[in-house]
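Please build the complete structure, drawing on both the sequences and the hints.
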Amino acid sequence: MVTRDTVESRVFGTLRWVVIAGLLLVTLFPFYYMVLLSLRPIDKVVSEPGKLWVAGSELTTSTYRAVLRSVGDGGQGFPQLLLNSALVSLATVALTLVIAIPGSYAVSRLRFVGRRQVHFLFLAVYLFPTILLAIPLFVLFTRLGLRGSLGGLVLVYIAQTIPVSIYMLRNYLTTIPDTLEEAAAVDGATRLQTIRKIVLPLAAPALMANALYIFMIAWNEFLFALLFLVERRDRWTVSLGLAQLSGGIEVSKTTLMAGSVVLTIPIVVLFFAAERMLTEGLTSGAEKG
Amino acid sequence: MSTTTRTREPVAAQSRRRRAGPTLRQRENRTGLAYLSPTLIVVLVVVVLPILWTIMLAFQRIRLINVRRAGLFSEYTLHNFTTVLQSPGFWSSLWTTLLYTVGGTALSIGLGLVAALALRRPFAGRTLARAAMLLPYVAPVVAVTFVWKIMLSPQYGILNHWGTAVFGWDHPVAFLSQRESSLFGLPVPTALLTVIVFEGWRYFPFAFLFLLARLQAVPAELEEAARVDGATISQRFRYIVLPQLGPVIALLSVLRFIMTFTKFDDVFLLTGGGSGTEVVSVRVYQFLTARFDIGAAAAQALVLAAVLVVFLIVYLKFFAPRLEND
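Residue numbers (the working numbering), protein chains in the order written: chain A, 3 to 291; chain B, 237 to 562.
Any given hint could turn out to be false.
To be verified - Computed list of chain A residues with no C-beta within reach of chain B, every gap over 10 Å:
1) 11
2) 55
3) 71
4) 92
5) 150
6) 152
7) 176
8) 178
9) 182
10) 184
11) 188
12) 203
13) 252
Unchecked claim - Only pairs whose alpha carbons sit at most 30 Å apart, straight line, appear in this in silico BS3-like list of lysine-lysine:
14) A:255 <-> A:53
15) B:385 <-> A:53
16) A:255 <-> B:385
17) A:46 <-> A:255
18) A:46 <-> B:385
Since the hints were derived computationally from the structure, they do not count as laboratory data. Just so you know, these numbers come straight off a predicted model, no measurement behind them. Note that CB positions come from ideal geometry on N, CA and C, so glycine has one too.
This is the structure in structure tokens:
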């Protein structure tokens with residue numbers, strides 16, 4: 003006799019692999035297609051859009067040359083944009099961490115007035131639409147002449163990433179036992195020394211995950227870059243440059259895909275290099291439910 | 237900052253020694269505030285003040301041209317709100333935002349749950365599969381929206397190519413530029429649905445990560461005991477696993493709802509707000525950049541935030557006890 007249990011085991015056992023295969027298809031295919039299109043000549047794409055495997059002889063790198071050549075040479079000048087994006091992202095990471103480390107330490111270790119209320123402040127950052135923040139910042143930066151400056155953009159990114167950064171670090175710090183710090187204090191270390199020599203080394207994995215997450219947000223950000231930098235081509239980030247590229251008439255879709263690949267590769271490489279750390283850093287503390 | 241507190245300390249300590257010195261608790265209080273102050277300053281300058289200013293702007297008649305003259309003491313008026321609330325398309329855009337948010341939230345959490353359950357037990361290549369699942373969330377929004385646009389294009393899109401060549405569609409579907417089409421005789425908001433599916437695709441990794449982490453913490457003994465008692469897979473999921481996931485799902489719903497409700501990039505990049513996908517954020521952007529009407533843009537953004545707050549209050553009223561112990 004076949005029991006309900008064996009039927010279910012068999013059904014779900016098969017279903018599981020179907021689901022995994024389906025999920026892999028929908029997550030990976032767009033990226034494969036992006037790379038494939040970026041390497042095919044546009045006329046071939048239009049005549050045979052369904053082709054999924056292409057002989058090596060048909061491939062071209064002209065799209066990448068068009069994207070990477072400087073504007074003066076008739077290209078899109080992406081190296082400059084990559085540099086802008088890298089500068090903005092790295093500055094955001096460094097400054098956010100410098101501000102978030104003492105902040106998260108305070109929230110996780112020190113009792114002070116208003117500690118419980120801090121969360122409400124952070125919630126406000128996410129509760130109000132970014133577009134709502136964008137309006138006054140747009141006006142303010144116009145007045146201060148900060149529009150078109152990468153520094154202004156970094157400032158906004160810091161404010162956007164600090165709450166989540168403090169939240170992640172705090173979750174990690176609460177898992178480090180206090181006794182180590184107490185021992186250091188007994189040995190006469192000041193609080194800053196304790197943080198630098200004991201807490202930071204212990205929190206290194208969380209810091210790396212955090213840095214990666216902030217980098218990802220800054221690298222991928224689009225709205226503020228669009229609002230603040232659009233008039234200054236030499237200051238564009240890659241995301242903005244690519245979006246502006248799509249508005250151009252003579253830019254082919256395959257070139258657009260080459261630009262997308264150039265934009266995506268740095269973040270994906272970084273991500274795969276540190277995937278474990280990121281997933282664990284982001285969700286540590288979530289187990290408690 | 238650290239140096240100033242350190243140099244000042246002896247002087248302060250001397251003067252205080254005559255009275256009772258600062259207690260450890262007082263010192264901890266001061267250090268805590270000092271450590272948090274850079275964060276507070278940034279959030280105050282770049283978030284709190286702008287929000288207050290938006291509220292002010294919403295009650296003033298300001299366009300980009302006269303923004304330099306506008307100040308704290310300009311005339312206050314409800315004009316913007318009456319214009320916005322009566323303007324054609326505002327209420328429908330709020331409705332679109334709601335549909336988009338509910339659809340996107342539900343789809344991303346549903347997909348995330350399915351993915352987490354499928355990848356729960358170890359198998360060869362699981363680490364790689366897990367990393368692949370996260371790609372849509374990690375990749376830049378500009379890049380992925382462009383691939384989607386190209387894949388869905390009615391002229392050279394691969395989906396329409398396969399659809400017409402293999403699945404026998406009568407004609408290509410303009411997924412992103414068609415307001416409505418009929419499926420089995422029912423009207424379907426094509427573009428809005430596509431945008432919702434995109435939202436589910438892009439954000440299911442977020443739910444997947446949290447749910448997988450929670451699943452791994454479900455004690456094996458519980459399920460083992462249920463299995464011994466003869467509970468089938470679906471029963472074990474329904475009565476053992478799902479209750480354990482409840483709080484995480486509730487938290488994810490709130491987070492995704494807030495983030496999707498105010499989302500701008502995805503819809504803006506996919507459709508530009510056309511074909512019945514105009515969410516309020518995109519509308520605000522258009523008021524700001526095309527009409528330079530700062531006052532009306534601010535008023536709309538405020539209405540959006542207010543609606544979100546109302547939803548949250550309703551949610552907290554009904555589900556608060558569960559979030560309390562978080």
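Hint by hint, here is what the structure shows:
Chain B draws residue 11 (chain A) into its interface by the beta-carbon criterion, the shortest separation being 6 Å against a cut-off of 10 Å. Under the 10 Å C-beta cut-off, the non-interface status given to residue 55 (chain A) relative to chain B holds; the minimum distance is some 13 Å. Even its closest Cβ contact with chain B, about 20 Å, leaves residue 71 (chain A) beyond 10 Å, as expected for a residue assigned away from the interface. Distance check on residue 92 (chain A): its Cβ is at least 16 Å (rounded) from any Cβ of chain B, clearing the 10 Å threshold; non-interface status holds.
Against chain B, the non-interface label of residue 150 (chain A) holds: every CB pair exceeds 10 Å, the least being about 16 Å. Every beta carbon of chain B lies more than 10 Å from that of residue 152 (chain A), the smallest distance being close to 15 Å; the non-interface claim holds. Every C-beta of chain B lies more than 10 Å from that of residue 176 (chain A), the closest at about 14 Å, which supports listing it as non-interface. Every Cβ of chain B is farther than 10 Å from the Cβ of residue 178 (chain A); the closest lies at roughly 16 Å, confirming the non-interface assignment.
Every CB of chain B lies more than 10 Å from the CB of residue 182 (chain A), the least distance being 18 Å, so the non-interface label holds. Non-interface call for residue 184 (chain A) relative to chain B: holds, since the shortest CB-CB distance, roughly 13 Å, exceeds 10 Å. With 10 Å as the threshold on Cβ separation, the claim that residue 188 (chain A) sits away from chain B holds: the shortest Cβ distance comes to roughly 14 Å. Distance to chain B confirms residue 203 (chain A) as a non-interface residue, since its nearest Cβ pair spans about 19 Å, more than 10 Å.
Under the 10 Å C-beta cut-off, the non-interface status given to residue 252 (chain A) relative to chain B holds; the minimum distance is some 17 Å. Proposed proximity of residue 255 (chain A) and residue 53 (chain A) is supported: the alpha carbons are some 16 Å apart, at most 30 Å. Only pairs whose Cα atoms come within 30 Å are accepted, and residue 385 (chain B) paired with residue 53 (chain A) is accepted, the gap being roughly 18 Å. For the given pair, residue 255 (chain A) sits about 10 Å from residue 385 (chain B) by alpha-carbon distance, which is consistent with the 30 Å threshold.
Proximity of residue 46 (chain A) to residue 255 (chain A) is assessed by CA-CA distance (about 12 Å); at most 30 Å being required, the pair is judged to hold. In summary, the hint linking residue 46 (chain A) to residue 385 (chain B) is supported, as the alpha carbons are separated by about 18 Å, within the 30 Å threshold.
Hint violations for this structure: number 1 only, all remaining hints satisfied.
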